[in-house]
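Okay, so the sequence shown: first residue is 1 according to the working numbering, each after it adds one.
Think of the hints as simulated: they come from the structure by calculation, not from any bench. Treat the numbers as computed from the prediction; the structure is a model and nothing was measured. A portion of the hints provided could be inaccurate.
Computed cross-link-like contacts, DSBU-like style, restricted to lysine-lysine with a CA-CA straight-line distance of at most 30 angstroms [to be verified]:
| id | residue 1 | residue 2 |
| --- | --- | --- |
| 1 | Lys-45 | Lys-109 |
| 2 | Lys-45 | Lys-20 |
| 3 | Lys-45 | Lys-29 |
| 4 | Lys-109 | Lys-149 |
| 5 | Lys-149 | Lys-29 |
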Amino acid sequence: SQPFMRWRDRFLFVAEATFKAQAETGEIKGHYLNATAGTSEEMLKRAAFARELGAPIVMHDYLTGGFTSNTSLSLYCRDNGLLLHIHRAMHAVIDRQRNHGIHFRVLAKALRLSGGDHIHSGTVVGKLEGEREVTLGFVDLLRDDYIEKDRSRGIYFTQDWVSLPGVLPVASGGIHVWHMPALTEIFGDDSVLQFGGGTLGHPWGNAPGAVANRVALEACVQARNEGRDL
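Can you make the complete structure from the sequences, with help from the hints?
What follows is the structure, encoded as structure tokens:
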């Protein structure tokens, strides 16, 4: 919430736009309404306001907001029918320091323990790319119930999550329609593909950009299901 864009005003304007999109398409639409705030109390207040507006989802920066605040918000969302998108802002200063940092694999597992529905996980392709096997390793740790030891993916011991809910990986960062075959192959069905600049940067505008994403995704899924090599 900054002087040029207060959170309450932003929530209202975005809700108006999403409801308009729903009316035009007949599909449920949502926006990652950022509930991150300076205190847990303020954060819960913003989440409650989003719920009152009829929004289906809110967002939290779990590393800057903190794990205990994230757990409080995740419990509120689960009790009140809200999805919780997790942003990993600040992760790079933690997980890219090889000498005394914390690998994102660990941060991802901690997030699953804390709670959330989906989290940015890198793309393998695009600007936030990561090593493919390592990325797929923590993607498995996020969404699967039982993960076998596989050192090639950075999984050094078998992990059994029992009944702890999984978290969907979000591929986001510099991706566009030309990445769709690779994204479909790498992440599979249980994932979120988030195109920001890859939608808004379409030469014909953001609506044609969204159409291009949808057409490319459906074409790639159909091709994969027909056994074609993406």
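Cross-check of the supplied hints:
Only pairs whose Cα atoms come within 30 angstroms are accepted, and Lys-45 paired with Lys-109 is accepted, the gap being roughly 27 angstroms. This hinted pair checks out: Lys-45 and Lys-20 have alpha carbons roughly 25 angstroms apart, not beyond 30 angstroms. For the given pair, Lys-45 sits about 22 angstroms from Lys-29 by alpha-carbon distance, which is consistent with the 30 angstroms threshold. For the proposed pair Lys-109 and Lys-149, the alpha carbon gap of about 15 angstroms is at most 30 angstroms, so the pair holds.
About 38 angstroms separates the Cα atoms of Lys-149 and Lys-29, which puts this hinted pair outside 30 angstroms; it is violated.
The structure does not agree with numbered hint 5 stated previously, though it agrees with all others.
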